Structures are given as structure tokens and as C-alpha cells.
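*Asks:* Below are the chains, spelled out letter by letter.
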Amino acid sequence: MRHGRRAIVFLGLVLLLAAVPPAAALLGQPFYVDLLRRVMIFAIAAVSLDLILGYGGMVSFGHAAYLGVGAYAVTILAVYGVHNGVLQWAAAVGASMLLAAAIGAVSIRTSGIYFIMITLAFTQMLYYLGISLDVYGGDNGMRLPMRSQFGGLIDLGNGTEFYYLVLGLLVLVVLFVRRLVDSRFGMVIRAAKSNEPRTRAIGFSPYPYRLAAFVISGGICGLAGALLINHTAYLTPDLMHWTRSGDILFMVVLGGMASTVGPVLGALVLLVLENALSNWTEHWQIILGPFLVLVVLFARRGLGGLLWREERDG
Amino acid sequence: MNLQLVLEQLLNGGQLGVTLFLMAAGLTLIFGIMNLVNLAHGSFYMVGAYLAVTFYRWTGSLVLGVLLALPATLLAGAVVEVIALRTLYERDHLDQVLATFGLILFFNELTAIIWGRVGLFTNLPGWLSGSVDFGATFSYPLYRLVIIVVGIGVAGALWYMVTRTRLGMLVRAGASNRTMVAALGVNIRLLYTLVFGIGAALAGLAGAMAAPIYAVQPGMGDPVLIQAFVVIAIGGIGSIRGALAGALIVGMVDTLGRAFLKPALATLISAPAAQSAGPALASMLVYLLMAVVLVLRPEGLFPARGR
Numbered sequence: 000m001r002h003g004r005r006a007i008v009f010l011g012l013v014l015l016l017a018a019v020p021p022a023a024a025l026l027g028q029p030f031y032v033d034l035l036r037r038v039m040i041f042a043i044a045a046v047s048l049d050l051i052l053g054y055g056g057m058v059s060f061g062h063a064a065y066l067g068v069g070a071y072a073v074t075i076l077a078v079y080g081v082h083n084g085v086l087q088w089a090a091a092v093g094a095s096m097l098l099a100a101a102i103g104a105v106s107i108r109t110s111g112i113y114f115i116m117i118t119l120a121f122t123q124m125l126y127y128l129g130i131s132l133d134v135y136g137g138d139n140g141m142r143l144p145m146r147s148q149f150g151g152l153i154d155l156g157n158g159t160e161f162y163y164l165v166l167g168l169l170v171l172v173v174l175f176v177r178r179l180v181d182s183r184f185g186m187v188i189r190a191a192k193s194n195e196p197r198t199r200a201i202g203f204s205p206y207p208y209r210l211a212a213f214v215i216s217g218g219i220c221g222l223a224g225a226l227l228i229n230h231t232a233y234l235t236p237d238l239m240h241w242t243r244s245g246d247i248l249f250m251v252v253l254g255g256m257a258s259t260v261g262p263v264l265g266a267l268v269l270l271v272l273e274n275a276l277s278n279w280t281e282h283w284q285i286i287l288g289p290f291l292v293l294v295v296l297f298a299r300r301g302l303g304g305l306l307w308r309e310e311r312d313g
Numbered sequence: 000m001n002l003q004l005v006l007e008q009l010l011n012g013g014q015l016g017v018t019l020f021l022m023a024a025g026l027t028l029i030f031g032i033m034n035l036v037n038l039a040h041g042s043f044y045m046v047g048a049y050l051a052v053t054f055y056r057w058t059g060s061l062v063l064g065v066l067l068a069l070p071a072t073l074l075a076g077a078v079v080e081v082i083a084l085r086t087l088y089e090r091d092h093l094d095q096v097l098a099t100f101g102l103i104l105f106f107n108e109l110t111a112i113i114w115g116r117v118g119l120f121t122n123l124p125g126w127l128s129g130s131v132d133f134g135a136t137f138s139y140p141l142y143r144l145v146i147i148v149v150g151i152g153v154a155g156a157l158w159y160m161v162t163r164t165r166l167g168m169l170v171r172a173g174a175s176n177r178t179m180v181a182a183l184g185v186n187i188r189l190l191y192t193l194v195f196g197i198g199a200a201l202a203g204l205a206g207a208m209a210a211p212i213y214a215v216q217p218g219m220g221d222p223v224l225i226q227a228f229v230v231i232a233i234g235g236i237g238s239i240r241g242a243l244a245g246a247l248i249v250g251m252v253d254t255l256g257r258a259f260l261k262p263a264l265a266t267l268i269s270a271p272a273a274q275s276a277g278p279a280l281a282s283m284l285v286y287l288l289m290a291v292v293l294v295l296r297p298e299g300l301f302p303a304r305g306r
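Taken in sequence, the protein lines are chains A and B.
Sequence positions in the first sequence follow numbering that gives the first Met the number 0 and run 0 to 313.
Sequence positions in the second sequence follow numbering that gives the first Met the number 0 and run 0 to 306.
Think of the hints as simulated: they come from the structure by calculation, not from any bench.
Be careful, since some hints might not be right.
[To be verified] Distance condition first, Cα-Cα at most 20 Å in a straight line; then the derived SDA-like pairs of lysine to any residue: (1) B:261 to A:131; (2) B:261 to A:279; (3) B:261 to A:3; (4) B:261 to B:2; (5) B:261 to A:293; (6) B:261 to A:132; (7) B:261 to A:128; (8) B:261 to B:91; (9) B:261 to A:133; (10) B:261 to B:56; (11) B:261 to B:6; (12) B:261 to B:271; (13) B:261 to B:240; (14) B:261 to B:244; (15) B:261 to B:3; (16) B:261 to A:127.
[Claimed, not checked] Beta-carbon label-pair distances, calculated as ranges: (17) A:138 to B:6: 44 to 50 Å; (18) A:278 to B:131: 39 to 45 Å; (19) B:1 to A:100: 28 to 34 Å.
Note that the structure is a prediction, hence the values are computed from the model and not measured.
For glycine and all other residues, C-beta sits at the position ideal for the given N, C-alpha and C.
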């Protein structure tokens with residue numbers, strides 16, 4: 000990483016996250032391991048959204064769909080007795096990529112408000128599909144029969160081992176997205192965002208590049224879904240509820256778009272804040288809602304804008 | 000499958016279509032003129048329903064309840080526009096989506112605080128709760144017919160307002176060139192607030208009319224909002240004609256799909272398979288329709304002119 004301050008923030012964040020399980024054990028507060036594992040899983044989802052939103056300018060209001068499809072893929076395999084984690088997670092990523100290819104193929108032909116509404120509508124469709132799938136719990140949801148198995152290598156039932164696995168995956172995802180964005184492929188994505196006619200003029204048709212980014216983003220988010228279902232061990236269509244797409248979108252904007260590290264920060268702040276507020280009052284959303292409005296109105300570059308200088312894109 | 004059932008479902012589809020039109024008309028007006036994506040539009044549906052129930056209980060008259068809810072929702076819309084949304088017109092769609100998403104959280108929680116999380120149920124007054132007989136074998140609930148008639152009336156009034164009145168002229172002018180309208184001495188900010196209020200009142204009317212036949216609860220506007228999005232994506236954003244066509248198409252396809260897809264599938268595949276695939280497919284039908292329309296016509300069926 001050649002971006003100085005951003006890399007330092009990321010390194011600090013990773014060290015901090017790595018120190019959570021021993022610190023929680025010392026304080027006798029295992030709950031925090033759980034909370035931060037959830038934070039990191041959503042951070043992976045938010046980083047995947049940032050790839051298309053921050054760098055590609057595609058405002059997907061439907062990223063919960065891939066979270067849900069990843070979770071459903073793992074659970075459905077588990078119901079039929081396939082507990083091999085590698086297989087399950089590969090299926091989760093593969094299914095999400097297929098779905099993203101289908102949704103992307105239709106929605107990327109449009110832009111602006113159409114794109115937002117279409118991604119939202121397709122996610123709502125999958126939400127209703129989940130509700131009507133009575134075999135897999137329907138509206139009420141169902142327990143995951145058994146967590147993904149990795150042949151004794153890692154035991155996801157062990158909170159700490161699972162925690163470090165998620166941390167490791169988060170680091171890999173952040174580095175991967177960073178590499179991707181800096182590559183030639185990423186240059187085209189960013190160029191198409193900042194000036195589409197000029198990108199066309201130098202000989203790139205944005206559509207296949209955008210679609211590829213959309214599919215990669217969906218795949219990463221599907222991985223987050225596979226992690227999330229192992230985290231909660233309970234499958235419900237609520238994973239695909241449209242407010243969850245809004246949450247993920249907010250994480251990206253809160254942390255700072257097009258910064259790869261920002262979304263991690265955004266996920267951390269939003270989920271910790273949610274947790275603190277909901278401990279304090281049952282009606283925490285009445286505070287969170289206006290907070291969101293204020294962030295949009297007055298802190299446009301997100302938390303990242305306070306921590307590192309804006310860099311020129313491209 | 001008999002004729003009565005088909006007729007009944009067609010009328011149900013019309014009722015859903017009318018509701019969706021009231022929602023979509025406001026959304027599309029607000030987008031067409033102010034270039035604002037308003038996710039909180041579903042909140043006005045909910046606010047309209049709650050206010051209608053509350054006024055209904057105070058006054059003992061449903062008609063009075065609905066009539067009082069209308070100006071109240073209009074006022075609520077105008078206040079929200081002045082306080083929170085006015086600054087968003089110049090922002091990009093992402094900011095608008097997030098800020099109005101925040102407003103939804105706020106409104107859903109506010110109604111939960113004021114009226115509780117448990118749904119409110121009200122009964123229709125006696126004179127509205129009967130059925131209308133069509134011939135000897137077919138009858139249809141009177142209140143649902145009233146909803147359809149009111150909806151058609153509002154659609155007509157809206158058409159008259161937009162095409163034949165001075166306000167409508169300003170609205171159309173504002174949609175095609177806001178700077179020019181402002182330069183000609185029209186108070187464009189006031190116009191925006193008014194249009195936003197009217198849009199909110201239309202959504203409020205849909206909610207208020209739905210209040211006696213559905214559960215009134217926090218978040219009730221959100222699924223309707225997303226369906227209204229499908230409507231204007233199909234019809235073409237910014238066009239009221241498109242909103243009307245889209246609303247009727249979506250209302251019919253959704254209602255008829257839920258009613259007849261399962262029996263239709265049962266003739267093709269085994270009954271148990273149809274039993275599980277029917278409802279799943281029916282709930283996806285309007286979204287698949289949207290996908291097809293957008294593949295063929297990315298701008299929708301009736302794209303607004305001059306945009």
C-alpha cells in the first residue's frame with residue numbers, strides 16, 4: 000500500500016481488532032468478541048459495496064441480497080448433509096456471483112435513480128422469495144443444522160478461532176480490493192465513473208468492466224453471508240430485508256467512500272453505536288435516523304475525510 | 000376457474016393499482032420536478048393511515064377522519080421538506096437516498112412511540128361495510144369499490160391540475176427548466192414545498208383509505224414504497240401517465256398472479272410442486288416483469304418528454 004495515512008489507520012485498526020479476544024477474556028466480557036466479529040463480517044460486506052459504489056459510482060441499494068444468498072447457500076447445503084466448509088463457502092460465493100451477474104446485467108444498462116430502484120426492487124423480490132420458501136423456514140426462519148466444518152483445522156464453534164478467521168479474511172478482502180482498484184481493470188472502473196464519454200473515447204466500453212466489478216462485489220458479499228450465517232447460526236429472510244441494504248450503504252458513506260479502509264471504520268462505528276443506543280433505549284432508531292441525515296448533510300466525506308487527506312482519484 | 004372469481008380478482012387488482020398510483024404519482028412528481036429520490040414517501044402513507052384512524056376515533060366518522068388526514072399529511076410533508084429535504088435537491092442521488100432512509104427510521108420509530116408497535120385495527124362504519132350485488136351471483140365489497148372510484152377521481156383531478164391550471168403549468172415548467180421559471184419571478188421554493196406537500200397528501204390518502212381494511216402498524220408504508228418504485232420504473236420516471244399505466248399493470252399482474260398462478264401451474268406440473276412454486280413465483284412476478292420491461296425499454300414504457 001502506497002497510501003501512507005490510510006495504511007496506518009488500517010494497520011492500527013487490524014492490531015486493535017486482533018487485541019480484542021485477549022482483552023475481552025481479561026475483562027471477562029466475551030460479548031465483545033461476538034460484537035466485533037459481527038462488525039468485521041459487515042465490514043467485508045461494506046468493502047465489497049465500496050468496490051462498486053466508491054470506485055465504480057454504482058449505487059447498489061440491494062447488497063443485502065448477496066448476504067442472503069450466501070447464507071441460504073450454506074444452510075441449504077447443510078440441510079442436505081453437506082457440511083464441508085470449503086464446498087459450502089465456494090457455493091455461497093458462486094451463487095452470489097451468479098445472482099450478481101443476473102441483476103447486474105439488467106441494472107447496469109440503466110443508471111442513476113433507475114439503478115438504485117432496480118437493485119432495491121430485486122432484493123425485495125428475493126426477500127419475498129425467502130419468505131415463501133417454506134422448506135427452508137419461510138417467514139420464521141430455521142436453525143443452521145451444523146456450522147461449516149473444516150476437517151478439524153478450524154472450529155467455528157470456538158468463538159476465538161472463528162474471530163481470527165474472520166479477521167484474516169477481512170484483511171485479505173481489503174488487500175484484494177485495493178489491488179484490484181489499483182490495477183488496469185480498476186483504472187477503467189474509476190475512469191468510467193469520473194468521465195464516461197472520455198472513457199469510451201479512448202476505447203473502453205464500460206459495461207463489461209462494470210458488470211465484472213459488480214459480480215466480484217457480489218461474490219465477496221456472498222462470502223460475508225456465509226460468515227454471517229455461521230455467526231448467527233439462524234437463517235431468516237430478514238438477512239435480505241431492504242433496511243439491511245441501507246445499513247451497508249450507510250457504513251460505506253459513514254466511513255468514507257472509495258477508500259477501502261473507510262467502510263471497515265464505518266461498519267465499526269455504526270454497529271457499535273447501534274449496540275450502545277439499543278442498550279440505552281428501545282427506541283434507538285429515533286436517534287439513529289436523524290444521525291444519518293446529519294452525516295449526509297454535514298459530513299459528506301465520512302469519517303475517512305477526517306483521518307486522511309482526500310487523494311486525487313486515478 | 001369461474002367468471003365471478005376472475006371478476007373479483009380484476010377488481011382487487013384495480014384496487015391495488017389505484018393505491019399504487021396514488022403513491023407513484025407523488026413519487027414521480029417529486030422526482031420529475033425536484034429531481035429528488037424520496038424513500039420517505041412510504042412514511043407519508045403510514046402517517047396518513049395513523050392520522051385517519053386517530054381522527055376517525057375522535058370524530059366517529061371515517062369520511063371526516065380521511066378528510067382531516069389529508070391536510071395534516073400535506074402539512075407534515077411540507078414541514079419535512081422545509082426542515083430536511085430542501086438542501087438535498089442539489090445533492091446526488093446517493094445522499095438523497097441515505098438521508099431519506101434516515102427519515103424512514105425516524106418516522107417508523109416515532110409512530111411506534113406514539114401509537115405502539117402493535118397494529119391498530121378499525122372497523123368500517125355500517126353504511127360502508129356492505130357489498131354491492133352485480134346480478135344474482137356476483138357481489139363485491141362496497142368499500143373496495145369506493146377506493147377504486149376515489150382513486151380514479153383523484154387521477155382525473157390530478158390530470159386536470161397538471162394540464163389545465165396555472166399551478167400545473169408552473170409544475171410542468173419547473174420540471175423542464177427550473178432556472179428559467181425562477182428567473183420569470185416565480186417563487187420556486189414555495190412551489191417545491193407545495194408540490195412536495197401534495198405528493199405527501201396523495202400518499203397519505205392511499206394510506207388513509209387502506210387504514211380500515213389493513214393493519215395499521217409502523218413500517219406499513221415500506222413494502223408499498225418499493226412496489227411504487229417498481230411502478231415508476233416500469234412506467235417511466237417523471238411521467239404521471241407512466242405512473243398510471245405502471246400502477247394498473249403492477250396491480251393486475253400481482254393480484255392475478257397470486258390468485259391464478261398456482262392453479263395454472265398445477266395443470267402443467269404436479270400439484271405438490273405447484274403448491275410450493277406457485278406462491279414463490281407469484282411474489283416475484285412484478286419484479287420479473289420490471290426486469291423484462293427494462294431490458295426492452297430501459298427508460299420505461301412512457302418516458303417523460305424533454306428529459
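*Asks:* Given the hinted pair residue 261 of chain B and residue 2 of chain B, is their alpha-carbon gap at most 20 Å?
*Replies:* holds, 17 Å
*Asks:* Has the given pair, residue 261 of chain B with residue 128 of chain A, been kept, meaning a C-alpha gap of at most 20 Å?
*Replies:* holds, 15 Å
*Asks:* So if I understand the rule, the pair passes when the alpha-carbon distance is 20 Å or less; does residue 261 of chain B with residue 131 of chain A pass?
*Replies:* This hinted pair holds, its Cα atoms lying about 13 Å apart.
*Asks:* For the pair supplied as a hint, residue 261 of chain B and residue 279 of chain A, is the alpha-carbon distance within the 20 Å limit?
*Replies:* violated, 47 Å
*Asks:* Honestly, do residue 1 of chain B and residue 100 of chain A meet the 28 to 34 Å range at C-beta?
*Replies:* violated, 43 Å
*Asks:* Between the alpha carbons of residue 261 of chain B and residue 293 of chain A, is the straight-line distance 20 Å or under?
*Replies:* It is violated: about 47 Å lies between the C-alpha atoms, which goes past 20 Å.
*Asks:* Against the 20 Å threshold, does the CA-CA distance of residue 261 of chain B and residue 244 of chain B hold or violate the hint?
*Replies:* Violated. Residue 261 of chain B to residue 244 of chain B sits at ~26 Å, over the 20 Å cutoff.
*Asks:* With a cut-off of 20 Å on the C-alpha distance, tell me whether residue 261 of chain B and residue 133 of chain A pass.
*Replies:* Within the cut-off at roughly 15 Å; holds.
*Asks:* Take a quick look at whether residue 261 of chain B and residue 6 of chain B sit within 20 Å of each other, Cα to Cα.
*Replies:* holds, 18 Å
*Asks:* Holds or violated: residue 261 of chain B and residue 127 of chain A, Cα atoms, limit 20 Å.
*Replies:* holds, 16 Å
*Asks:* Taking 20 Å as the top limit, are the C-alpha atoms of residue 261 of chain B and residue 132 of chain A close enough?
*Replies:* holds, 15 Å
*Asks:* Verify the proposed pairing of residue 261 of chain B with residue 3 of chain B, using a straight-line Cα cut of 20 Å.
*Replies:* This hinted pair holds, its Cα atoms lying about 18 Å apart.
Of the numbered hints stated above, those contradicted by the structure are hints 2, 3, 5, 8, 10, 13, 14, 17, 18, 19, listed in ascending order.
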